[in-house]
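Asker: 1 is the number of the first residue of the sequence shown in UniProt numbering; add one for each residue after it.
It should be emphasised that the hints constitute simulated quantities derived from the structure, not laboratory data. On a predicted model such as this, the values are computed, not experimentally measured, just so you know. A hint or two may mislead.
[Claimed, not checked] Here are the computed distance ranges between Cβ atoms for each label pair:
1. K448 with I476: 25 to 35 angstroms
2. N555 with K435: 49 to 59 angstroms
3. N443 with S535: 34 to 44 angstroms
4. E689 with K435: 56 to 66 angstroms
5. P478 with F274: 35 to 45 angstroms
6. Y469 with N528: 21 to 31 angstroms
7. H539 with K475: 45 to 55 angstroms
8. E689 with V577: 48 to 58 angstroms
9. E689 with N197: 47 to 57 angstroms
10. K341 with D525: 22 to 32 angstroms
The beta-carbon is built from N, C-alpha and C at its ideal position, and this holds for glycine as well.
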Amino acid sequence: MGFKKLGFPIARFGRQSKKSYGFFIKFASVTILGLCFVFVWYIFSSSASSVTYQRSTFGEIAEPVSERGQIKNSKSSILIKNEPDLNSGKVEEKKRINESSRLDPVVPKNHKKEEKSVEIVKGSKKDEKQEDENGSEVAESESENENEKEDEVEEGEQERDLVVDVDQLDESDEVKAEHGKKKKFKGPLFDPKAEYNWKLCSTRSKHNYIPCIDIEVASKRIQMYRHHERSCPKNPLLCLVPLPHEGYQTPVIWPESKEKIWLKNVAHPKLAQFIKTQNWVVESGDYLTFPQNQSELTGGIAHYLESIQETVPDIEWGKNIRTILDIGCIDSSFGAFLFEKNAFTLTLGLKDDLVDLAQLALERGFPAIITPFGTRRLPFPSGTFDIIHCGECQIHWQSNGGKLLMEMNRILRPSGYLILSSKHDSIEDDEAMSKLTASIGWNILAHKTDDVSDIGVRIYQKPESNEIYSLRRKKIPPMCKDNENADATWYVPINSCLHPIPSAIEERGTEWPEEWPKRLHTFPDWINNKEKLDSDSRHWKAIVDKSYITGMGINWSTIRNVMDMHSVFGSFAAALVEHDVWVMNVVPVYASDTLPIIFERGLVGIYHDWCESFATYPRSYDLLHADHLFSRLKNRCRQTVSIVVEMDRILRPGGWAIIRDKAQILKSLEKIYKSLHWEIRMTFVQEKEGILCVQKTMWRP
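Starting from the given sequences, assemble the full structure and let the hints guide the process.
Answerer: Spelled out as structure tokens, the structure:
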């Protein structure tokens, strides 16, 4: 009887649905049934699933942007318990570390089929009983890192936020900017149970492989060897770059390296053909020799530089002119001659040629980096170089709305000079360049052809104030917006706008620095804590003189090219000024922006993210110095061991590395260096801090 009662309304509903208005009845019934289903699912679904969803999505939350357009680490992490408190967003620190220490490290797959990588073998399950102890050790290390963060704030290394104008980015730049974004990876910096079985990289560039510059995709359609812009592999480099196939010789020591270098150390398929057309470099047996005062210029480099100084008497090499950027690296004689005059010349090798002339400069002992120069800013702060030189660099400054010249205007110091020289000037190019420089207020000081070298030289000067900008009839290019950070460089596109020139005395760039060498220890008014900077200089001077020079067993006569991988004020480099070395100061993009101070002191440096490969050739440096580089990474890199692999790539066989860091980190690093067959020359630990001195060998797997 009950079934009949139930079936009666359903049958009646079916008959009504066949009528003309049956469609609306069907639609209403389906809607009601759908709402009922959603309600039942909401009531009976487990709360655990929502927690799981939150765990998977919190890792994708974007972090605030730092000064140079780089994602910086948040001061507080968003963490999830079994019963998350979404209001506070915090849990006990020790619990978080214990959980992260039990996570297996992620070993990324290789980004190329043909490239061999290191095999990281994890510990067995027998070690699981020790995980709680390991977790507590990491928790203790994390608490030390928290204290270290407080010290950073006291030192003035506190990070600041930057508002990025998204409207200025096109679609391609937005994709490229994603490369600069980093998120934290849970767990210790190094897996204490990992074992490393190294293998050689198998790439088209072979022994000259530069991961973020060279194209290593195996495709017949791709004929180029280099990216037009910096483009790093998706996964970090975990293989070792081989030595040259003809062997590798210990580099010729300075100052003999100015005159000759080993040919096999810089061997390149097209280098031999290039040398036959030049007079400034000669193949002589096993060496490449560089005749004194020989260059691309007829009459020699000395005559060329003297004629520039005679034309503009305010240019005094090595005195008021100290930091120079040489674009193109056709001939390293320009920087070589200026080094004799105490002018620091950094060569910017444009990685679009196949001769690799910047590698010759590094092998000779002169500063150089390599980078594409097209649509993105160069990794330097604004208003820092005294002179920018471009000799036969074949750059079309007027193309693309003059963006490349806008970048020169950004990094050039107010009242600084741009010197262009070329043998083949066209009337059209001259007219376009004159129109472009006039639109940005540059004054042309000289435009002449040298009688001896037959070289056309143009010398421009950047304005020292904003008055000339207001006098322009056409405001093209326009002034940059107020929220446009002139020092934001990491994967930041070049904008066609003019940054205002500093005018207040407390702003950087209002005054020209003191002459060298007084400039090294004279701090301008815009530097707030001069006492701390002076104390930092005395601190590193004592360490270098009493420990590094005499107490490590390093033969400093073999050291020429030095890198400070985590520079703050450049005090380590300042302590080595009296020695026959030069130092590349690297300021990490996630640290406080102190690179302008380094340039102000007459030193040179660059921004870099150590989760990526550095812009140089393999075997470029004799000594690497890393002061608390690893402990302040704050778990930014997917594989921290890739930094050690990068150190192995850029350090020459026989080169040295000095690492100062937490004792626990040094213990893990020592294990990795031993797996690379590096020699452990010294270890010293005191009060959970220590120093590790290692030396690279010729070993390759």
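Asker: Now tell me, hint by hint, if it's right for this structure.
Answerer: Consistency of the hints with the structure:
no. : hint                               : result
1   : K448 with I476: 25 to 35 angstroms : 29 angstroms, holds
2   : N555 with K435: 49 to 59 angstroms : 56 angstroms, holds
3   : N443 with S535: 34 to 44 angstroms : 41 angstroms, holds
4   : E689 with K435: 56 to 66 angstroms : 59 angstroms, holds
5   : P478 with F274: 35 to 45 angstroms : 43 angstroms, holds
6   : Y469 with N528: 21 to 31 angstroms : 28 angstroms, holds
7   : H539 with K475: 45 to 55 angstroms : 49 angstroms, holds
8   : E689 with V577: 48 to 58 angstroms : 27 angstroms, violated
9   : E689 with N197: 47 to 57 angstroms : 31 angstroms, violated
10  : K341 with D525: 22 to 32 angstroms : 29 angstroms, holds
Going through the hint list in order, the structure does not satisfy hints 8, 9.
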